Amino acid sequence: MTIPSSWRQDTEKHGADDPTTGELVARVTEDVRTLVRDELRLAQLEMTGKAKRAGIGAGLFGAAGLLALYGVAVLVAAAVIALALAVPAWLSALLVGLALLAGAGVAAVVGKGQVAEATPPVPEAALAGVKADIDAVKHHGAR
1 MTIPSSWRQD
11 TEKHGADDPT
21 TGELVARVTE
31 DVRTLVRDEL
41 RLAQLEMTGK
51 AKRAGIGAGL
61 FGAAGLLALY
71 GVAVLVAAAV
81 IALALAVPAW
91 LSALLVGLAL
101 LAGAGVAAVV
111 GKGQVAEATP
121 PVPEAALAGV
131 KADIDAVKHH
141 GAR
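Counting in full-length UniProt numbering, the sequence shown runs from 1 upward without gaps.
Note that these hints are calculated values from the structure, not bench results. Remember, it's a predicted structure, so these values are computed and weren't measured experimentally. Hints are supplied without guarantee of correctness; some may be wrong.
Claimed, not checked - Calculated lysine-lysine pairs in the DSS-like style (CA-CA distance at most 30 angstroms, straight line):
{"#": "1", "residue 1": "112", "residue 2": "50"}
{"#": "2", "residue 1": "112", "residue 2": "52"}
{"#": "3", "residue 1": "50", "residue 2": "131"}
{"#": "4", "residue 1": "52", "residue 2": "138"}
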């Protein structure tokens with residue numbers, strides 16, 4: 001059996017160094033695997049950071065609740081002292097209670113900010129990367 005001359009010309013044009021279709025498919029498959037692995041790693045890193053921020057925010061909310069509880073207890077003690085003794089000792093207890101409540105307010109504001117930065121719990125950078133990769137594949141495939 002002889003090889004048609006048009007096939008021989010194609011082989012001569014492309015040369016022996018050009019990859020075959022099978023090699024190109026294998027390369028694309030490996031590139032897609034690597035791309036997916038990298039995108040998953042990026043998503044994992046992003047979600048870890050967001051979970052950490054949410055944990056810090058929740059801890060600060062807990063601290064705000066505890067400080068508010070102590071503040072209420074001191075304010076109650078101040079009211080009791082004020083009513084029972086009617087002397088300046090109540091003033092010091094009142095000031096301590098107000099200071100604790102102010103601390104609770106600061107912790108609540110900071111905690112809310114931490115939780116707000118961690119939401120929504122979606123790996124936005126990873127999703128943007130995947131969308132960009134899909135767009136790039138679509139544009140190169142359309143050519």
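Within 30 angstroms, alpha carbon to alpha carbon, are residue 50 and residue 131?
-> holds, 21 angstroms
Does the alpha-carbon distance linking residue 112 and residue 50 stay inside the 30 angstroms limit?
-> holds, 14 angstroms
Given the hint that residue 112 pairs with residue 52, test it: the Cα-Cα distance must not exceed 30 angstroms.
-> holds, 14 angstroms
Quick one, are residue 52 and residue 138 close enough, alpha carbons at most 30 angstroms?
-> violated, 36 angstroms
Comparing the model with each earlier hint shows a violation of hint 4 alone; every other hint is respected.
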